[in-house]
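A.B. asks: For the protein sequence lines, the chains are E and Y, in the order given. For the first sequence, our numbering assigns the number 1 to the initial residue and increments by one for each residue that follows. For the second sequence, our numbering assigns the number 1 to the initial residue and increments by one for each residue that follows.
Worth flagging that the hints you see were computed from the coordinates, not collected in a lab. Not one of these hints is a red herring.
A pair holds if it fits inside one copy or across any two, identical chains being indistinguishable in the list.
Capping the alpha-carbon separation at 25 Å, the derived lysine to any residue pairs in SDA-like fashion look like this:
# : residue 1 : residue 2
1 : K18       : K51
2 : K51       : T276
3 : K122      : R104
4 : K85       : T246
5 : K199      : I306
6 : K18       : Q47
All values derive from a computational prediction rather than experimental measurement.
Protein chains: 2
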Amino acid sequence: MALKLTILGCGSALPAKKRNPSAQILETPDGLFLIDCGEGTQLRLRQEHVKIQSISHILISHMHGDHYLGLVGLLSTMNLLGRKKEIHIMGPEPLQEMVESHSRFSSSMFQFPVQYSVTDSKKSEVIYDSVKLEISTLPLKHRIPTTGFYFREKPKPRRLIKAILEQYDVPIKERVDITLGADFIKDDGSVISNKTLTKDPSLSLSYAYCSDTGYMPALAKRIEGCSLLYHESTFMEAEKARAKKTMHSTAAQAASIAKEAGVKHLLLGHYSARYTELDALYQEALAVFPQTILGIQGLVIDIDKICS
Amino acid sequence: MALKLTILGCGSALPAKKRNPSAQILETPDGLFLIDCGEGTQLRLRQEHVKIQSISHILISHMHGDHYLGLVGLLSTMNLLGRKKEIHIMGPEPLQEMVESHSRFSSSMFQFPVQYSVTDSKKSEVIYDSVKLEISTLPLKHRIPTTGFYFREKPKPRRLIKAILEQYDVPIKERVDITLGADFIKDDGSVISNKTLTKDPSLSLSYAYCSDTGYMPALAKRIEGCSLLYHESTFMEAEKARAKKTMHSTAAQAASIAKEAGVKHLLLGHYSARYTELDALYQEALAVFPQTILGIQGLVIDIDKICS
Numbered sequence: 001m002a003l004k005l006t007i008l009g010c011g012s013a014l015p016a017k018k019r020n021p022s023a024q025i026l027e028t029p030d031g032l033f034l035i036d037c038g039e040g041t042q043l044r045l046r047q048e049h050v051k052i053q054s055i056s057h058i059l060i061s062h063m064h065g066d067h068y069l070g071l072v073g074l075l076s077t078m079n080l081l082g083r084k085k086e087i088h089i090m091g092p093e094p095l096q097e098m099v100e101s102h103s104r105f106s107s108s109m110f111q112f113p114v115q116y117s118v119t120d121s122k123k124s125e126v127i128y129d130s131v132k133l134e135i136s137t138l139p140l141k142h143r144i145p146t147t148g149f150y151f152r153e154k155p156k157p158r159r160l161i162k163a164i165l166e167q168y169d170v171p172i173k174e175r176v177d178i179t180l181g182a183d184f185i186k187d188d189g190s191v192i193s194n195k196t197l198t199k200d201p202s203l204s205l206s207y208a209y210c211s212d213t214g215y216m217p218a219l220a221k222r223i224e225g226c227s228l229l230y231h232e233s234t235f236m237e238a239e240k241a242r243a244k245k246t247m248h249s250t251a252a253q254a255a256s257i258a259k260e261a262g263v264k265h266l267l268l269g270h271y272s273a274r275y276t277e278l279d280a281l282y283q284e285a286l287a288v289f290p291q292t293i294l295g296i297q298g299l300v301i302d303i304d305k306i307c308s
Numbered sequence: 001m002a003l004k005l006t007i008l009g010c011g012s013a014l015p016a017k018k019r020n021p022s023a024q025i026l027e028t029p030d031g032l033f034l035i036d037c038g039e040g041t042q043l044r045l046r047q048e049h050v051k052i053q054s055i056s057h058i059l060i061s062h063m064h065g066d067h068y069l070g071l072v073g074l075l076s077t078m079n080l081l082g083r084k085k086e087i088h089i090m091g092p093e094p095l096q097e098m099v100e101s102h103s104r105f106s107s108s109m110f111q112f113p114v115q116y117s118v119t120d121s122k123k124s125e126v127i128y129d130s131v132k133l134e135i136s137t138l139p140l141k142h143r144i145p146t147t148g149f150y151f152r153e154k155p156k157p158r159r160l161i162k163a164i165l166e167q168y169d170v171p172i173k174e175r176v177d178i179t180l181g182a183d184f185i186k187d188d189g190s191v192i193s194n195k196t197l198t199k200d201p202s203l204s205l206s207y208a209y210c211s212d213t214g215y216m217p218a219l220a221k222r223i224e225g226c227s228l229l230y231h232e233s234t235f236m237e238a239e240k241a242r243a244k245k246t247m248h249s250t251a252a253q254a255a256s257i258a259k260e261a262g263v264k265h266l267l268l269g270h271y272s273a274r275y276t277e278l279d280a281l282y283q284e285a286l287a288v289f290p291q292t293i294l295g296i297q298g299l300v301i302d303i304d305k306i307c308s
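Please work from the sequences and hints to get the whole structure.
C.D. replies: Structure, rendered in structure tokens:
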């Protein structure tokens, strides 16, 4: 399974029609990661038929309400539905206090373990590392400590060419090594090169989630060549001063980061409620970076497909 | 204006389709009172076209998430929309800590004053008292400290009979006293009785909100003759043992409180997510108390109309 993203909400602080606050589900080879969890996320998960007990990690970018106010409700529902499996919550330090104070207020303890990893908005750190996937934080520029998240698939095994393997009678037990790059040495000592036996691996995909942030040119270098960049675009250029003051970005600024970083695709979101129609905002980004996708609620993006 | 109730949510802890968690708006002669504020309430207010800045008081029954998790989001939205007018929050003690810790996490202070009144779940107290309206708490029986809320309109002025006033040439300045029960004394000393000049006042209406609570027969006496009783009915009788254990009520129990109290109408709500259809639950209550209304999301009840 490759990376598949579902937009649960693409609004900003003020709720707008059909724009719930920030929340996304990323399906990865290691399971489901929920990124941000604004108010109403549990309902949105339900509407998108996401199995909430399959979520293993919840990543929170920062402590503004539109990015985390749905967390306690979601955890409570997981609990009521009988969850026993651990959940990992990664984000700013106050998250643990916030969740635990709610348990105290309501005199109810979760029946599953909750692990917390505190993110540091001052530096980029690897916060998740497995055979198939690495996640690191991306320090962002906002009014309070904020990090983005950079998901990168690890290099994948080379793909075996069945017909050639059969031709050279390659035993099953040798095959894993061959996917990792080994040549095949026949009983007579002759060598069949790995290149003959395999095709290049599938592309390792990556996804960068950058919200909320002011315009931050230095970000481009950190996410160079990324398959899909989600970059907040709260405002249009006409509101550039306001974007700067509130430490948000315009659609053109998001597109310019995408262009500078040479990403494959840019995904917009976190729109101000003032934009009831998004076409002009979309056009503003497209003019700078043509491979732009207008994020809307319910959109599902198969990152493998759009990059192949 | 009499009392008018809008059901914003009628679900319980687990969200169900078209059943948001607890929240109601009561329109009173003194303005808008929000009763409970589960996750997503601000969106429901928007859908029902309620002017959120007109809400003057928010009453929270208890600290279970499905009754208060929408509060911080709603206050944040009021703030973003420029509210300057004070708001009163009435409920259990931890509410203030909860709201203020969110302000601390997000480094954002509300630009309007927030007044807190702490409710005491051990005794009934008057928490609001004006010329036209009184609100007192109703101690309930739940797993954590919980109070219901009893809204009672004060006795209304007697209604002047215009034609009779004109017939006796009653000066304008005398009329307020007459609405309060005074007779009219003519210049020649003769007395026109109040009864001749006025009709009985309109009915003073009352609304009792009782959620969440286990079966509590003693409640009936406190709300005797109430115009409309909202009593939670999380379960049906088949789940009576579960209702007892979790300190909730069955539909039949809610109806039996209504019958015992001699209320005019009973309103059901706070349904368990296990009931996808509510007809059987409704029938269970109707069999005990015929003047039962099945609460559903979006229902608006003009308490004056149903009682006249």
